[in-house]
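Trainee: Each chain, written out:
Number of protein chains: 2
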Amino acid sequence: MNQSIINYNSGKDEYKNWIVSETEFNVKYQKKCEAIFCLGNGYLGIRSATEESYLGQLRDTFISGTFNKFGDNEVTELPNAADMIAIDIYVDGELFSLEKGIVSNYERTLNMKTGELKRYFTWTNKSGKTFNFLFKRFVSFHNLHLFATKVEITLVGCDANIEIYSGINGQVTNSGSQHFLEGEKRIFDNRYIQMLQKTTESNITFVHNTVHNLKVDEKEDIPTYRFEMDRRKVGINYNSSVLSNQTVYFEKISNIYTTRDKDMEGMSIKEIKDISLKNIKHSRSVGYDALKNVGCKEWQKNWDSIDIKIDSDDDYNQLAVRFAQYHMLIMTPKHDNRCGIGAKGLSGEGYKGHSFWDTEIFILPFFTYTMPEIAKSLLEYRYNMLEGAHIKAKENGYRGAMYPWESAWIKDGEVTPVWGGADIVTGESTKIWSGFIEQHITSDIAFAVWQYYQITGDEEFMNEYGYEILFDTAIFWASRLEWDKDKNEYHINDVVGPDEFQEHVNNDAFTNYMAQWCMEKAVDYYKILKENNSRVFVRLNNPEYSGLNLDKEIDVLRDKTNKIYLQLPNKDGLIPQDDTYLSKKNIDLTKYKNQKNVGLISKDYNPKQRNKIQVSKQASVVMLVYLLEYKFNNKIKQSNFDYYEPKTLHDSSLSLAIHSILASDVDKPDFAYKLFRKATEIDLGTNMKTSDPGIHAASFGGIWQAVICGFCGVRMVQGKLRINPKLPEQINSITFPLLWKGNKLEIKVTNNKL
Amino acid sequence: MNQSIINYNSGKDEYKNWIVSETEFNVKYQKKCEAIFCLGNGYLGIRSATEESYLGQLRDTFISGTFNKFGDNEVTELPNAADMIAIDIYVDGELFSLEKGIVSNYERTLNMKTGELKRYFTWTNKSGKTFNFLFKRFVSFHNLHLFATKVEITLVGCDANIEIYSGINGQVTNSGSQHFLEGEKRIFDNRYIQMLQKTTESNITFVHNTVHNLKVDEKEDIPTYRFEMDRRKVGINYNSSVLSNQTVYFEKISNIYTTRDKDMEGMSIKEIKDISLKNIKHSRSVGYDALKNVGCKEWQKNWDSIDIKIDSDDDYNQLAVRFAQYHMLIMTPKHDNRCGIGAKGLSGEGYKGHSFWDTEIFILPFFTYTMPEIAKSLLEYRYNMLEGAHIKAKENGYRGAMYPWESAWIKDGEVTPVWGGADIVTGESTKIWSGFIEQHITSDIAFAVWQYYQITGDEEFMNEYGYEILFDTAIFWASRLEWDKDKNEYHINDVVGPDEFQEHVNNDAFTNYMAQWCMEKAVDYYKILKENNSRVFVRLNNPEYSGLNLDKEIDVLRDKTNKIYLQLPNKDGLIPQDDTYLSKKNIDLTKYKNQKNVGLISKDYNPKQRNKIQVSKQASVVMLVYLLEYKFNNKIKQSNFDYYEPKTLHDSSLSLAIHSILASDVDKPDFAYKLFRKATEIDLGTNMKTSDPGIHAASFGGIWQAVICGFCGVRMVQGKLRINPKLPEQINSITFPLLWKGNKLEIKVTNNKL
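Line order of the protein sequences matches chains A and B. FYI, this note's numbering numbers position 155 of the first sequence as 160, with every residue one higher than the one before it. FYI, this note's numbering numbers position 23 of the second sequence as 28, with every residue one higher than the one before it.
No lab work stands behind these hints: they were computed from the structure. Some hints here could point you the wrong way.
Because identical chains cannot be distinguished in the list, a pair is counted as satisfied if it fits within a single copy or across any two copies.
Straight line, CA to CA, 27 Å or less: simulated BS3-like cross-link-like pairs of lysine-lysine [unchecked claim]:
no.	residue 1	residue 2
1	K134	K105
2	K694	K131
3	K238	K608
4	K105	K694
5	K238	K694
6	K238	K613
7	K746	K436
8	K601	K652
9	K608	K220
10	K636	K731
11	K302	K694
So that you can see chain A by itself, here it is in the shape it has in the complex:
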């Protein structure tokens, strides 16, 4: 792992602490920067693969919500749209590649303030000719459909023939699965390239357009060109002889529209083709630089609402928080309440674009506290998904809303894949149990609804969507509980809790407490609505409208809320993670705690063997005492943190940030800082392999929470705002914006003072 490849201090002046850069190109590590330098706008996400091609590249372009299923034995996933980023450059007939010739002054920079990616270097080819290259690229934050590239090639004291091939390439797949039927290909006016393709199962038509502008110095060049139309592929090949010290300016301006787009609703394919073509013509006339500037303004508006200023002894802290926020901005489909956030955002094929509890528990607080309209849209996505949640409940023999562990289309129901990597003992694929028995997500969503409500005071949202989710999820839990005759209490058996190393456990503490919380909230709001909000109550109580029958459910809910078994803290304040965890054997975990890459234990133990050890993947009881902190005193927090953290390998990116918050809570600021730094390094660190299949969306939400809820001690407790800062000594002050019940606060925390 080459530490020097990522540089955190590239920006100067107005871009100080806004720029992350790569200082050396290494084909081995290219996937890292493809993901962490990903560009997007919530509608469109494009991995930052280089224009020229290398083996092992992942050229992914995703459009939020356009899920498709390749075959009946696969789960639905975000399809990899046709690639429009690739540009093949031939210098005197040889394909340009950084793996050939001599490269100097290499730098690739992601400017998070403007959303622009730049790459420049000097390249001397085998014949000794030297060229300065500059590549620029952005995905528009203003026009969701638009993205563009500008290439500048300056010939340093030599003449050369420059040949450029560029177009639209629909031969790309999702690791071999092709989601598209090939559609019409066409070149208009010898210049505008259009290609259609349609998803095989969900029948979404994608309309791709691209166009080029080629200038040599200031003059528009009319080079020799020829069309190339292959299978799933169309492009133009330009050929131009360029003189010494001239510069070739090559712009590629592209757009994508789909029949699923909210702004295209009701339009025919023909109309979308025409609109997209009209727009690409307009964009071409505007040109790269002006298009970029419009997008920058939109970026500035966004940063104005969210930017956190960290004064610390290491600028990296400032950069890392912006980096987390940058990614949350580009991955979130704020334009469309039928889409969720993928576990890898739009930055890779990992987790197939599916939404997990990552959204509600990790990412949502950032939006709820700073951009509540976006938080609302994300919760509406869950509301829209109730039908799928009912389907899942029914399939499992339950009632109410049982949210899928992984979600895609709102009507899909469960979409978790069933099979994972090789079992090191049997040589067979490992079964993934989450889709079957990891059930706490249903409470997590209810919790996020309530949290949103408490922080924003958005009564309208609750009336329209929120209460219904609270009741519907509570009804699920009531139906889920299992009566234990002997103990005279309700159990939840055979689940996976947040700690996914422990499969098939009974009475997972997190699961049971959150289920109880969920039912309790329903009982409370039943009373509140009935007494104070009869319009909404009557509607929700009417099975014909909501499918609910509150009056009929309430007694059972109340009874079960009281009789559900909860793992109580023992005399040392330790909450057993489940019925058996504390009785499992202990092994020396030093090797795994010191691992350089996650997953080391899985190379020594298969799931069955691991299941017999007191070892955790991530925060579980620790998560519980964070979310429901009003139920637990500080001593309990402390005991559980001290017991479970040493047993936790942080093999999930959902772990470190939460532990950092708890370390702040239990007055271990040094440890909190260390865990925070480690959390930021999941994607931004020097380990060049962690982000290959995409960035870690939940971790970015966790990083924001570690700063705001951890260091700054911001917490909504039982509907009230509490700020109890615990700045580590490395941080002098943090200034941050916060919206509380609609009021914009600008808060500065210095030396643990407000």
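Let chain A serve as the given structure and place chain B on it in line with the hints.
Mentor: Structure of chain B alone, referenced to chain A:
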């Protein structure tokens, strides 16, 4: 185009004129050798992509007859099976590639006598460490399912860490179309890797197995290894520290079985899995060298039946003919009469594995004259396809057997794609008319049946299959003819003849003459069978058995045979190619006749424009006077050759060899030789781009005919063998085996004498 990259004189002693080699590796030209060095056995065909990966490689593995259709808007094609050729080699952590470091003593050789591909070179990496590499590979000619690779890496005066990743990769596609549903993946005994996948539409399950043997010097090495199981992919990573001057021997032995295999008929997937696993275990115990030797014996048997000895001033001639025969042997599915020969054999995705008239008119004579059992199997394929031919006739409003222009599954009917490359004028895809109106293939198949019969005397085949094809195709033609009231004759309007530059022509000479021939033969055999073979006649005359009703058809057939319009030779002996060809404008074709790559005219004229010029893609009237030579005297042959050849751009690989034969016939031996050489250069020449999508199967058949039917003057004329040699002066003698009515002849032609 680098002339020196292909070497024709690599073999010595027993391998003299048996070896073609590549003397330099250039990533730009890799597709050429992938195709021309293709390995196969008629069941299995594997492009010779290198073990290590490069951009632009086409890693294709095909199993004859396993057609699948990706979507309703695509045509069925041979799916690209999972890749088992790739082997990633890391030296001290760096991925080995010939594009890095220094390569010397490079040579890659295809030994056509043994079917083995070898590659060796010395490689010095960036750190200055030197290694000798030797790669060997074969596809078994003995066990159709088996193929194997052996890699030897010798460390020259250095120690190194050698890491090898190898397995089964199902992420490959046909230019982006994925034909397989991912199936079970499994590693048995920490060693045997098995992966299943199933075609999406035709539901054929492929069972892939692979296993490795790793030795360092003579000792079996137990290196560190780990399983890697990804999406559509499974493999093992081996890691071994190797000392100076030691050699790593790495064998990879693989097999493929499918549920469509003739030798697996009636077996369950479970049974096939078990058999294939049992066989891979056995193969592993036998090892690369012994497995190869068994295959070699089978090769020798084949060569004994077909080898032609050419004594000439240039050994290339000998090599080129063997090269043509080598490819015809590896591409032909002799094991299965439900499969045809693809236009690119099994060497590439071009033409999607479909069969054209290339088989019957170009390739079949080779088999008919030397291995008639194979010719018979190929004709049975056409017999088995009658149902599809009836479907096509019905869809087009005709009766009888209308053979598809392109064929795949026997029941598919027409599978020609509808859209081709970009129209240079409109920017739209060009429509491919062949599937709609290129109809002469129906006569071509009937002709091949008759030719087979005349050469072999195989009466049994005729009784069982041949006569039925003759009648059924004649009935099609009778239904196809259009009555011209004014002229009182039958026409065939709106067709494409063999010359595909001329679309939508009326009364194409080749089409009409061959249709007439076909009906005439039916009329003749009606009489012959009725009088001499009543058992067969009664059966064929019974509509319940054959679907034919000969007694009812015969009068119409006779009438139409007499009244079909044929383009008669004019006073100069010139046969008009169609109703309008001779009245089209003439342009200066010099530029196109001198083209270095085919297709130059299509860059200047779109199909509509080209259609107005007297310019031909390939032999049409020239083909007619070759096939039906008994109808035309020498003067007519001569006139037409002299008129049409200068107008023919040989833009089809079906053109040169036929013109060479005709040049021999009309006593232009120099020109015949020149055209023969050009024909051999289509694949074997120094143009490094011609074979990218696969070799030219028909051309190989044409090369054999140019030698045997052209230079040696062998011809079946009206059922009699005629040998009228016309050796060009560059060739001293040709010795060749020939089967005539079951008698094996060994013929030597010297200085135009037998």
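Trainee: So, for every hint listed, does it hold in this structure?
Mentor: Hint-by-hint comparison with the structure:
1. Taking identical chains as interchangeable, the C-alpha atoms of K134 and K105 lie at most 27 Å apart whether they share a chain (13 Å) or sit on different chains (20 Å).
2. Taking CA atoms no more than 27 Å apart as the test, K694 paired with K131 passes between copies only; the shortest distance there is 23 Å, against 31 Å inside one copy.
3. For the homomeric pair K238 and K608, the shortest alpha-carbon distance between copies (19 Å) is at most 27 Å, but the shortest distance inside one copy (42 Å) is not.
4. For the identical chains of this complex, K105 and K694 are neighbours both inside a copy (24 Å) and across copies (23 Å), given an alpha-carbon limit of 27 Å.
5. Within a single copy, K238 and K694 get their C-alpha atoms only as close as 31 Å, which misses the 27 Å cut-off; across copies the closest is 19 Å, which meets it.
6. Taking the shortest alpha-carbon separations for K238 and K613, only the inter-copy value of 24 Å comes in at or below 27 Å, while the best intra-copy value is 47 Å.
7. In this assembly of identical chains, the alpha carbons of K746 and K436 never lie at most 27 Å apart, being 45 Å within a copy and 63 Å across copies at closest.
8. For a Cα distance limit of 27 Å, the shortest separation of K601 from K652 inside one copy, 17 Å, qualifies, whereas the shortest one across copies, 71 Å, does not.
9. Taking identical chains as interchangeable, the C-alpha atoms of K608 and K220 lie at most 27 Å apart only when they sit on different chains, with a minimum of 25 Å there against 55 Å within one chain.
10. Taking identical chains as interchangeable, the C-alpha atoms of K636 and K731 lie at most 27 Å apart only when both belong to the same chain, with a minimum of 21 Å there against 103 Å between chains.
11. Proximity of K302 and K694 under a CA criterion of 27 Å is satisfied in neither setting, with 34 Å inside one chain copy and 49 Å between copies.
Hints 7, 11 from the earlier list are contradicted by this structure; the remaining hints agree with it.
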